[in-house]
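Peer 1: What follows is each chain in one-letter form.
4 protein chains.
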Amino acid sequence: MSHQHIIEGIYSDVQPFFGRGKVADYIPALARVRPDQLGIALQTLDGQTAVAGDSEIRFSIQSISKTFTLALAFALEGNDLWKRVGVEPSGNPFNSLVQLEFENGKPRNPFINAGALVVTDVLCRHYDDPKSVILNLIRSLAGSDDISFDEEVAASEKATGFRNQSLAWFLKSCGNLHSDVDTVLDVYFHQCSIAMNCRELSRAFLFLANHGVHPYTGEAMLTRSQAKRLNAILLTCGFYDQAGEFAFRVGMPGKSGVGGGVAAFIPGELAVAVWSPELNEHGNSVVGMQVLEWFTTRTGRSIF
Amino acid sequence: MSHQHIIEGIYSDVQPFFGRGKVADYIPALARVRPDQLGIALQTLDGQTAVAGDSEIRFSIQSISKTFTLALAFALEGNDLWKRVGVEPSGNPFNSLVQLEFENGKPRNPFINAGALVVTDVLCRHYDDPKSVILNLIRSLAGSDDISFDEEVAASEKATGFRNQSLAWFLKSCGNLHSDVDTVLDVYFHQCSIAMNCRELSRAFLFLANHGVHPYTGEAMLTRSQAKRLNAILLTCGFYDQAGEFAFRVGMPGKSGVGGGVAAFIPGELAVAVWSPELNEHGNSVVGMQVLEWFTTRTGRSIF
Amino acid sequence: MSHQHIIEGIYSDVQPFFGRGKVADYIPALARVRPDQLGIALQTLDGQTAVAGDSEIRFSIQSISKTFTLALAFALEGNDLWKRVGVEPSGNPFNSLVQLEFENGKPRNPFINAGALVVTDVLCRHYDDPKSVILNLIRSLAGSDDISFDEEVAASEKATGFRNQSLAWFLKSCGNLHSDVDTVLDVYFHQCSIAMNCRELSRAFLFLANHGVHPYTGEAMLTRSQAKRLNAILLTCGFYDQAGEFAFRVGMPGKSGVGGGVAAFIPGELAVAVWSPELNEHGNSVVGMQVLEWFTTRTGRSIF
Amino acid sequence: MSHQHIIEGIYSDVQPFFGRGKVADYIPALARVRPDQLGIALQTLDGQTAVAGDSEIRFSIQSISKTFTLALAFALEGNDLWKRVGVEPSGNPFNSLVQLEFENGKPRNPFINAGALVVTDVLCRHYDDPKSVILNLIRSLAGSDDISFDEEVAASEKATGFRNQSLAWFLKSCGNLHSDVDTVLDVYFHQCSIAMNCRELSRAFLFLANHGVHPYTGEAMLTRSQAKRLNAILLTCGFYDQAGEFAFRVGMPGKSGVGGGVAAFIPGELAVAVWSPELNEHGNSVVGMQVLEWFTTRTGRSIF
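Residue numbers (this note's numbering), protein chains in the order written: chain A, 1 to 304; chain B, 1 to 304; chain C, 1 to 304; chain D, 1 to 304.
Extracted from the complex, chain A is given alone in its bound form (with noise of 0.2 Å):
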């Protein structure tokens, strides 16, 4: 059966799963997006495509975004980057400041927020311009020149953002943040704005199934190595602390974002971007999670 067809009918079959979950409401530009969308899109290595739904309506990618400035501050500081932050699960759902204390401003790894923080630390300590690094990346991955962040995304969450104030205070306090507290969140905030569809996604994380190989420009962005390194951080810690259980269930890394975005893949084959807004309560997208779910029983394949 082809992708296309397995993705309809996934699409199809998903519906009764509707009204589970509850969108992301702590600002208001996330707050008053339609409850009842879902896109999904397939991109293979070898140049296949599928999609279904509303593949084609941008959302706030929030933490996905994670994934591309790790990727890029581990390509800068390769292993050293490990100095600063672990790739442990952070294994508690009250994760953000308590093992950070416990721990001395290590984040336990780089897509809590703290760990997040410290990864943005290092692309304003590398960059003059951070923001247009991270984008131009995404638009050169994604294939889209016309990505850009949410302006009014990124002043709410600046203007709401106490907890990672707190955060980023605290990273400080412990020697991990070394750029000034306002730039480090000023980027952080805006690459969380960034606003892409799943068509654009799916292509975007394609380079993670390629072991690290930019797909277009043929360019090694990470080594080989390197690559099965984040790719196993995405598999043990990409999903909050519902990690074991999307591994579990859905067997492929991937990150979520709280906008309702959902990408995954699997080495050497495809990437796939999911987006539905309705959350469960560990922020993750349940219709989301229950598509790539039958993806990977449906097809039989997935890294396990």
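Don't take every hint at face value.
One copy or any two copies: either way a pair holds, since identical chains are not told apart in the list.
Pairs of lysine-lysine residues, derived as DSSO-like cross-links and limited to a Cα-Cα distance of at most 27 Å, are as follows [to be verified]:
id, residue 1, residue 2
1, K22, K83
2, K131, K22
3, K158, K106
4, K131, K106
5, K158, K131
6, K131, K83
In case anyone wonders, no lab produced these hints; they're calculated from the structure.
Please arrange chains B, C and D on chain A, whose structure you already have, making use of the hints.
Peer 2: Just chains B, C and D, lined up with the frame of chain A:
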């Protein structure tokens, strides 16, 4: 390059890593094991084998046994099992009792001791003689009829296993241990005492690479979906609080034990077992982890 | 106004507070106690007494017994005792095992269960028949030769005390319990089962108000400095995770038990015991705490 | 023996305790204080005084200031204050953020930094110029019109107070900080910078020994019941995670600061202030605690 060639190369290159760890010394039978031993064995699904070093010397498999008891309990209970034990990484070096208390006696995953005790409790409720069931499964998978419990090790574990006593009583206080505490601990200490060599262990793990199907009898021990799930738990939780590190460096699901054994596999391809008794501070074999890291790096094969 | 007058006034005013708590129900002997009972008894160092209500009905003193065992162990070991148990408030509703694990088996203070088990272990090492020693001390202090263990309560505690089993084994795994686990638990369950009435209990606490000197025999059970220290621990740790609240509202050192008893005192002046079986969510008597709050407010007497 | 005699004896005997601690060094103004200084001053309610050593040298009162701001806020808000901050000991060396996160932004008590920030926030909402209000209160209690903020200290605290920034933003993220973060921190850093000597400090604490009544003006700053409550919190929470130890060894309510000051008192009798800059690992003055322990031991006076 053949697997035999690669393994011999790693065997030779890894020699400088001896002396960096410490043999488990909490019971005499483990403490008197010679530290500078190393066995490696590989077995592919299509029948190739490769061995190096002390691959015929038996050692105490300890926590590796949790893989087999989990497979048995999962087959018996299906997804009901996850009502009593979770699938998330514990994420804590201080895992044992802290999380268990926070989470009201539902162990974070089946590979921390508390979770393994619940799994063993399942077997105690289903079988009159759970010790024989466990031993027979392992003999059949490994193709060796003389694999046995080491009664001296089991007795030593019992005489010194105060922490496991504490865990078992804690589970009982939470209503998550239905058999007698003494019965469950007796089975548990025996399963940990099983002695195998690397050749046997690599064979015994091959059913996991084979999506749950016994590679010699063809019997489906687990469904394909169950095998995916079990493999995912091994990847995210199989190496105590170093699971992220193992996925990151090695990129294979697997399981370690404080006897110095490590077994890992690539679904659809092969299983590999390494044994070297010196442990790092996380309780994982120093040399064993290095061997497996080089194995995936040099073959360019991993699940990522 | 006389103490008798004040106590009668409080007895009358506190009636509306019945029905706000819940009788301990984890063992049948406690569960079947009539909830709407209230006894109050006061005893001054200069020989005055005052009583109200059910002051002659005996109840299970439970954790109040920890005060007497601590006095015995402190007298035996002096300040060496504090190498095995601390003097800081636990500060945690989740005290039992979490802190104990963090702090490597040294209980935070002698009034959490783990600490009381260590104290009982001290007595088990010093005395051939620690149960008789404890009982005889209490009989002598209370002036009642027929105070006894309630064997039904002790047996019920043993049959259901899985959490205490877990704690004792945990302490043993940390090397902080030297006697047999079963021996220590047997003494512990018996000391908790002792039945006394308020009149007896107020007399039995008078030695603490008397700076460690037995008020009837004149024997110095503790030095003045030791008495200061014991009283301080009672104030900071005597009411589980509500110790701050009790100091704040009542302002006297004291000790409570899940049988509904509370004993407190003002050094140099008097001791008072209250019993009412309905407990709040912290395990302290609802009516008992209210009686004592009004007692210090209406008399204008407290240690502050 | 007169108080003057006792204090002089202790002053002499405590000399060997110098060199056992470490002067606070996180800001230059504190780090350059000569370590081998010791001032003692005592003031009774009936007008006696006693002094020894460097009792006229002013030092940074730091956290001792939290006593005065709490008295102000309690007088303003009454028991409503306890909706925003608790009265239980924190019980944790790792108190700052861990408990705060568990308990959703309600600080455990008003003497940990988070709790003191909430108290300061109360003053910021009630007063146009909270800094003057605080300073005027202290001047009036101490009877010294030239007590002032040390602007260098306040500026240094601000420049390095990343952890307090983090705490304040965390409180704001939980809705428990109503004023601007910068405003609250400015007041907080100033109150900590106030410089006083022991003679002034012992006078300034006398209102607490006097059940809330200003001993010179006769004004009731707190009701008798409020004074009891404030004193109880000082006893159970006034010495960070060493509160139990202080109650145990010294047996007086009091408050310490990282400038090396300690103030304590016996209700109805007297207040005493000690200053010596070397701190133990809990942030309390080594020599100061010893002085106070000997004071209660040698006088036979304490609240217990």
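Peer 1: State for each hint whether it applies.
Peer 2: Against the structure, the hints come out as follows:
no., hint, result
1, K22 x K83, "between (37 Å within a copy, 24 Å between copies)"
2, K131 x K22, "neither (30 Å within a copy, 45 Å between copies)"
3, K158 x K106, "both (24 Å within a copy, 24 Å between copies)"
4, K131 x K106, "within (24 Å within a copy, 37 Å between copies)"
5, K158 x K131, "within (15 Å within a copy, 30 Å between copies)"
6, K131 x K83, "within (24 Å within a copy, 43 Å between copies)"
When held up to the earlier numbered hints, the structure conflicts with hint 2 and nothing else.
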